[in-house]
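Q: Residue numbers (the working numbering), protein chains in the order written: chain B, 1 to 113; chain P, 1001 to 1116.
It should be emphasised that the hints constitute simulated quantities derived from the structure, not laboratory data.
A few of these clues could be false.
[As the list claims (entries may be wrong)] Computed, partial: chain P to chain B, Cβ under 7 Å:
(1) GLY1042
(2) LEU1043
(3) PHE1065
(4) GLY1108
(5) GLY1110
The structure presented is a predicted model; accordingly, all values stated were derived computationally and were not measured.
Every residue, glycine too, gets a C-beta built ideally from N, C-alpha and C.
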Amino acid sequence: GESVGLHLPTLSVQEGDNSIINCAYSNSASDYFIWYKQESGKGPQFIIDIRSNMDKRQGQRVTVLLNKTVKHLSLQIAATQPGDSAVYFCAAMGDTGRRALTFGSGTRLQVQP
Amino acid sequence: NAGVMQNPRHLVRRRGQEARLRCSPMKGHSHVYWYRQLPEEGLKFMVYLQKENIIDESGMPKERFSAEFPKEGPSILRIQQVVRGDSAAYFCASSPDRGRVNTEAFFGQGTRLTVV
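The following block holds chain B by itself, in its conformation from the complex (with noise of 0.2 Å):
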C-alpha cells in the first residue's frame, strides 16, 4: 500500500533564509502529488503539485522536486516569511482512478523573525 512519510517533524528557519522541507513516499505507481500547508484550525491549503512524469515544478516562491528513483520530494520555499509558518504535507495519489490522497504526517515550519 501507500504511505507516505517526513524526515523531519519540525523545521525552524530565519526570516529570509530559504526553507527546505523532504517527503518519501513508497509507492512507485503514484503518479500525482501535491504539497499543502495547514495553518492552526483551518484546513489544508493547496500550494503546489507536480505530475510524475515531471521532475521540478515552480510557482511562486515555491518549486517542487520530484526524484522518482529514490521516490522523494521536497517543497523549497525561498525567502521564507513569518506568514510561512505553519504544517506541511506532502500527499501523494496513487493507482490510476484511485483519487483518493495519502499523506504524510507533516512538518511544522517556525519562521524566527
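Following the hints, complete the assembly by docking chain P onto the known chain B.
A: Below, chain P alone, put in the same frame as chain B:
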C-alpha cells in the same frame, strides 16, 4: 465562488450519540472526499463520493460510519453511537470532474468533533 463549506465547525457529542457532519462542495465540483485528522497527524482518507454514488470507501470504518452525497444538498458524514476515539477533525474536499486526470482537491475548514 465560495470554497468548500463545512458545518458545523465544532461539534460536541456525548458518547452514544450521533454526529452529522455536512459538506457543500465548491460550485461546479461533483467529487467529494472525506478525511479524518487526529492531533499532530496527517489526514487519513475515509471515503470518496460522487453524486448519489460511493466510489471508494476503503478508509471508512465498517461500523457506525456512513456517508452520502445526495442529488440535492450537501454531502453528509454520519457517525452513529460515537465513542471518544472518534474525536478528531473531519475534513471534506472537493474536486471538479476532469475525467481520469488527477486534480488537486480543495479542502474545507473542517469540523472538529469532540466526544465527551
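Q: Run the structure past the numbered hints and jot down the numbers of the failing ones, going up.
A: As far as the earlier hints go, only 3 is violated by this structure.
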